[in-house]
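S.K.: Single-letter residue listing:
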Amino acid sequence: MAGFIFRRILWAIPTLIVVSFISFVIIQLPPGDYVTAYAAQLRHSGDYISLEQEALLRAQMGLNDPMIVQYWRWITNIVLYGNFGHSLEWNAPVSSLIWDRLGLTLAISTLSMLFTWAIAIPVGVYAATRQYSVLDYVFTIFGFLGKGVPDFLLALILMWMAFAWLNMDVGGLLSPRYQNAPWTIDKVINLLSHLWIPVVVLATGGAAGLLRVMRANMLDELGKPYVETAYAQGLSERQVVWGYPVRVALNPFISTVGWALPALFSGDVITAVVLNLPTTGPLLLQALKMQDMYLAGSFILILSVFTVIGTLISDILLAWSDPRIRYS
Amino acid sequence: MKTTTIQPMPPERLLELDNVHVHFTMREGLVKAVNGVSYHVNRGEVLGIVGESGSGKSVTARSIMKLLARNAIEAEGRIRFRPKPESEIDISALSRQSREMRALRGGSIGMIFQEPMTALSPVHSIGTQIMRTVMLHRGVGKQAARQRAIELLERVQLPKPAEMVDRYPHQLSGGMRQRAMIALALSCDPSLLIADEPTTALDVTTEAQILELLKSLQEEMGMAIIFITHNFGVVADIADRVAVMYLGRVVETGSVDDIFYRPGHPYTRALLQSIPKLGQAPMRRLRTIPGMVPDPFNIPEGCVFNPRCAHAVLGTCNVEAPSVVSFPGEQSVRCHFAGQLPEEVQ
Amino acid sequence: MAVDPIGIPVKSSREEELYTAKPWTLIWWRFRQHKLAVASLIFLVLTCLSALFADFISPYTPGSIDRLNTFAPPRAIRVIHDGQLRMPFIYALARTRDADTARVTYEEDTSRPIAVHLLVRGERYRLLGLFETDLHLFGVDDPRQRINLLGTDALGRDMFTRLLYGGRITLSAGLIGVAFSFILGLALGAISGYYGGWLDVGIQRLMEFIRSVPTIPLWMGLAAALPIVWDPLFVYVLITIILSLIGWTHLARVVRGRFFSLKTEDYVLAARLSGASEYRIVTKHMLPAMTSYIIAAMTLAVPEMILGETALSFLGLGLRPPVVSWGVLLQDAQNLRSISLAPWLLSPGVAVVLVVLAFNFLGDGLRDAADPYGR
Amino acid sequence: MSQIMNSSEQPLAGNVLADDALISVSGLRKYFPVTRGWMQRKVGEVRAVDDITFDIKRGETFGLVGESGSGKSTVARLILRAYSLTGGSVHFRKADGNVVDLSRLGDREMRPIRREMQMIFQDPYSSLNPRMTLLELVGEPMVIHGVGSQGEIRDRVAELLSLVGLRPEYVLRYPHAFSGGQRQRIGIARALALNPSFIAADEAVSALDVSVAAQNINLMQDLQEKFGLTYLFITHDLGMVEHISDRIGVMYVGRLVEVGDTAEIFNKPLHPYTEALLSAVPQPDPRRRSSGKRVVLKGEIADPANPPSGCYFHPRCRYATDLCRTDTPQLRPVAGRSVRCHYAEELDLTGVGA
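Chains as they are written, first to last, in numbering that gives the first Met the number 0: chain A, 0 to 327; chain B, 0 to 345; chain C, 0 to 374; chain D, 0 to 353.
Heads up, a few of these hints could be off.
[Claimed, not checked] Pairs of lysine-lysine, DSS-like flavour, derived with a Cα cap of 25 Å:
1) B:Lys141 <-> B:Lys159
2) C:Lys34 <-> C:Lys262
3) D:Lys56 <-> D:Lys267
4) A:Lys223 <-> B:Lys31
5) D:Lys225 <-> D:Lys93
6) B:Lys159 <-> D:Lys297
7) B:Lys83 <-> B:Lys159
8) C:Lys262 <-> D:Lys267
9) C:Lys21 <-> C:Lys34
10) C:Lys283 <-> C:Lys262
11) D:Lys297 <-> B:Lys214
12) C:Lys283 <-> C:Lys34
13) D:Lys93 <-> D:Lys56
14) D:Lys267 <-> D:Lys225
15) C:Lys21 <-> A:Lys146
Simulated from the structure, these hints should not be mistaken for laboratory data.
Quantities reported herein were computed from a predicted structural model and do not represent experimental measurements.
With the rest of the complex left out, here is chain A (with noise of 0.2 Å):
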């Protein structure tokens, strides 16, 4: 097991060097450079600077040099000193803005996911168990429905319905007024009040499609012999459903979870942009937008790695679940 959690880390390396790689091409793509940019910034305030003084800073800066070695200092830079670089559009350095914002994320990415599987994983038992019944047409249509609604469009639905029923203003993590309070219970409640739309949103969208899968796997494993085997020991239905092939039917789901944490990642981002949250998905539009590229690709390139890292722990989460991996 050890040995193949070594092997799986190993591995885990080369994906994060060309993720680094593609942040940064990103970075570089737009035409132009850090020094036009800033230039033309300079100039949007009324100062300006020279061709000539353009060319020495490119010089200062290393901009003349080879990508690969731009692409090294950057990389080293962020390895080494934590330093991400510069963004132009706040001016300040770009680890001070990203920090909080990413641990919002992660927050209502992890709990929309802990939401999706609590949801997920009964209800496809429950539908597989039940093939053909009422309420597995029920779940199929929601399955289909969550695969079909956009996030953004569900977000602006329930904010909408929120709004127009329920008189709430659901935008944004807190209302006004707490924004700048200290941390009391009614502002917990009021972050609540805010957190539960993003958090359905995320999880209603994830939960569909794991629930085919779920329901899908479970019907492959409910026609094999061992299932038979079970009941010809003499366990009841829950016992056998619940002992037997729901874990077998898991390791797939568990395979996903790392790119279940990559589509959370991708949906947060619109949803955001929707709900108004203080998360990474707005900043990230606002510096793609306004080609604040050290700060998009620096967004980029954490959101991959944490990927990278969702998806070396669902490999170990699956090796530890089934004897068949593990011993391979």
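Got chain A sorted already, so can you dock chains B, C and D onto it with the hints?
M.R.: Here is chains B, C and D on its own, set in the frame of chain A:
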């Protein structure tokens, strides 16, 4: 053969099936897989059930365990089981998931399946699977159950049982898996073991090992066995009595010697002659049964075997379903002309 | 020579028909049984047709602004006036301004029915880009009144018209994106599955890598790198390529899996042992067995592309006005105020949901029917 | 590697192919590499077929028996060149009388020879392309080799179908219209399409019910008589192989342990594994129920990726000595047969003679 009054079972009887019917509802229509099967098993005896695919032998066995698929209809018939001399249970009156039925499964009736590869859970160790059964039926603790599991693995002659108990099925060979499966089925000393084609998926030397093991276990533990197979050689090797099935009916039952040396039904005779036997004087051609097993939607009128039967008499066999003719010594044949067919040289 | 009689009774002609039915006939018979999939197919065909002929079907053009008709509510076509049945008509809309809030409100004037006519003359356009005409499928004659089946937006543009034009862009982006990813997926999946070994491992790694990157942020990053000044049509093509760069992995997996399982089929070996060339084996034995699966997988990939385009455009990173797509249209519905003022602005969202669901149902039906020989 | 190539490269007889032989297999080897990781690093090899030597005479049925994993199917596929060989040679006498070494032919040179050798498969379901009609299926070999016009192919397919006992009217049906036994006959018709001289039947009746298997075996024997076919008949069913084969080879873990006349081997085996195999077969004869008499083998079949030292059979052999543990016996002629056992002459083994 239909009994309206319920006769008490003779004292040596362990299990009795009377006129069991099982149908399946399919998209294409109703499949009558089992049509009035009656057989019995005495304590400590081995009943062999032979038939080609589609003869309903497995379905009948599953109806004893109440493990039929959800689209099955147990249309008719009675299944009585007497694990202890004083307690007779009417299985056909129990519901699939009732407490009594669950106590029988794995407790008084053990079952072995054809595919040792897939019949064990891939994500649980052999020991865990046995322990669950032991703990369920015996109500013992984990430690005792584990001890029992090791003991069982030793009894089925698995090498190093103390290590095997923590192995997973994919780490074992086919023969070892089937041994583990037998250990699982015997974990609570059942009085009846149903073995559904337990050696079909195995190689011939492994098959011999498993047959010898089952014979010695049967001698040692004294349980009765229903041994289902399509291989006449295996039946001759292990069975005390034999029931031959064709298209959801028992066409002939009798002692193993009766069936092999004095077969009464044309189907039994024809099947026995179509298998090449080892060391037999070479013959140019095998005897065959013309045609093929009809599909379950087009079951022939009258005697179900009549379109393929060499002795069929038009006007009788294709019109009227034959009843059972009994002979001395427990042999009984479902044929209009039982006992009147010409003697055949084997 | 004596051959054992096999004794097949002569079957009815219905069975003979089943036994001699071509593979695609069998697939069609099976597909037909999925009522929902058939309904989805019909719905999608109609949707595509109306997107294709958007300029003819819609009464106006997507850019025609009417300042006096902003946020007009949807208008129902009626047939009963004063308790009497008559030709289809709409009621005239009276525009008033609320004295207190200064907000414009609209009210139907139930005394003024305005007839809806078929084939009326209106704004000029080029039908299918081929010939110029001013004929529209339906409209009203009264120059001061408009027929807005789905209401109007903040500039008084007809939502129904814009929805149809937007469908053209969104649907074609989905289909073209799938076509791109189909080419990539088929090529890489086939190489991976057919040759195996090193190439397979490499391509597998690449696919795993792409799957482990969060899609939307990556899409956003790539889309944001496209300069605003570029021609909208060019941006449109690039966006579809960006979408397909990530979408091809699923198709490649399907193709690879099929190739792997087919390679081990005995009938492929039988053909090889008969002396069949590689070309014959691939074209006669492997591809026909895969086509139906690939079609099903492609159908299931279309909604992903549509959702991707919608999301990107919605965020302002994909297609930009004046291009009209469903994602672009939804930009107008971003804030609560406009939705509560004019809920019909969400109608492109409804269209997205319906189309995505229909593609999913259709794909599921196709996937079930894809293997008519399943044992 | 070179050392392996040499051990028994020379055919048993002095000339390459005995006059009455159709095929001569000599020193046949197939090792499959075992790879691990994404570097496809080779960590070992499975000796699926190891040093197989035998002849098949013209017009005879040669049976190859063995348990699963013994490599018997691989031998057939190697003779037909479905795989490339790791070593050894396969000499084949063509219809024009010339002898070729198939192991030296490229795929292109192999193609014309494929007309003369065909295969019948075990699984009647996966061996027929479900998307082709019987006309396309049975006629495919003719299309591939450019034999005959469309009309001629049609006539020939109809003729072949009636030859195997199927109605010629069925040419436009697809395989899903037929049962397992009938599908197997379609496979036989396809194999016969180009009048081959040699047919390898890989477990051709194992998947069928007893009564259907008997029908198809009779058919195969009739066709052999009629067309002078030579069969390589691969099966694990010893009763069937005794019935159909003139001579047999017994395989254990990729190696031949005994080759010879069927009746002689069944009467008095010379290799302990053959003895154990024969005694393991359950007889449909309750009086011969062998309580105690039966040789029940201990343990499991050896793993071809990690075979035991010396004689592969020694861990399960009741006659094994230290010599068997250290020295690998060679296949050598004993009493008109070939046997791979150090003690073939000394042992007195029991067969199944009546």
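S.K.: Does D:Lys225 pair with D:Lys93 here, judged by a C-alpha cut-off of 25 Å?
M.R.: Holds, because 19 Å separates the two Cα atoms, which is no more than 25 Å.
S.K.: Taking only the CA atoms, is the gap from D:Lys267 to D:Lys225 under or equal to 25 Å?
M.R.: violated, 32 Å
S.K.: Are B:Lys159 and D:Lys297 close enough, with their CA atoms no more than 25 Å apart?
M.R.: holds, 14 Å
S.K.: Is it true that the CA of C:Lys283 sits at most 25 Å from the CA of C:Lys34?
M.R.: violated, 32 Å
S.K.: Given the hint that C:Lys21 pairs with A:Lys146, does the C-alpha gap stay at or below 25 Å?
M.R.: violated, 34 Å
S.K.: CA of C:Lys21 to CA of C:Lys34, is that 25 Å or under?
M.R.: This hinted pair holds, its Cα atoms lying about 22 Å apart.
S.K.: Please work out if D:Lys297 and B:Lys214 have their alpha carbons no farther apart than 25 Å.
M.R.: Measuring from Cα to Cα gives roughly 17 Å; hence the hint holds.
S.K.: Please work out if A:Lys223 and B:Lys31 have their alpha carbons no farther apart than 25 Å.
M.R.: Holds. A:Lys223 to B:Lys31 sits at ~24 Å (cutoff 25 Å).
S.K.: Next pair to validate is D:Lys93 with D:Lys56; report whether the Cα-Cα distance is within 25 Å.
M.R.: holds, 13 Å
S.K.: Taken at face value, is the distance from the CA of D:Lys267 to the CA of C:Lys262 at most 25 Å?
M.R.: violated, 43 Å
S.K.: Checking one constraint from the list: CA of B:Lys83 to CA of B:Lys159, max 25 Å. Satisfied?
M.R.: violated, 35 Å
S.K.: Are the Cα positions of D:Lys56 and D:Lys267 separated by 25 Å at most?
M.R.: holds, 22 Å
Violated hints for the displayed structure, listed by number in ascending order: 2, 7, 8, 12, 14 and 15.
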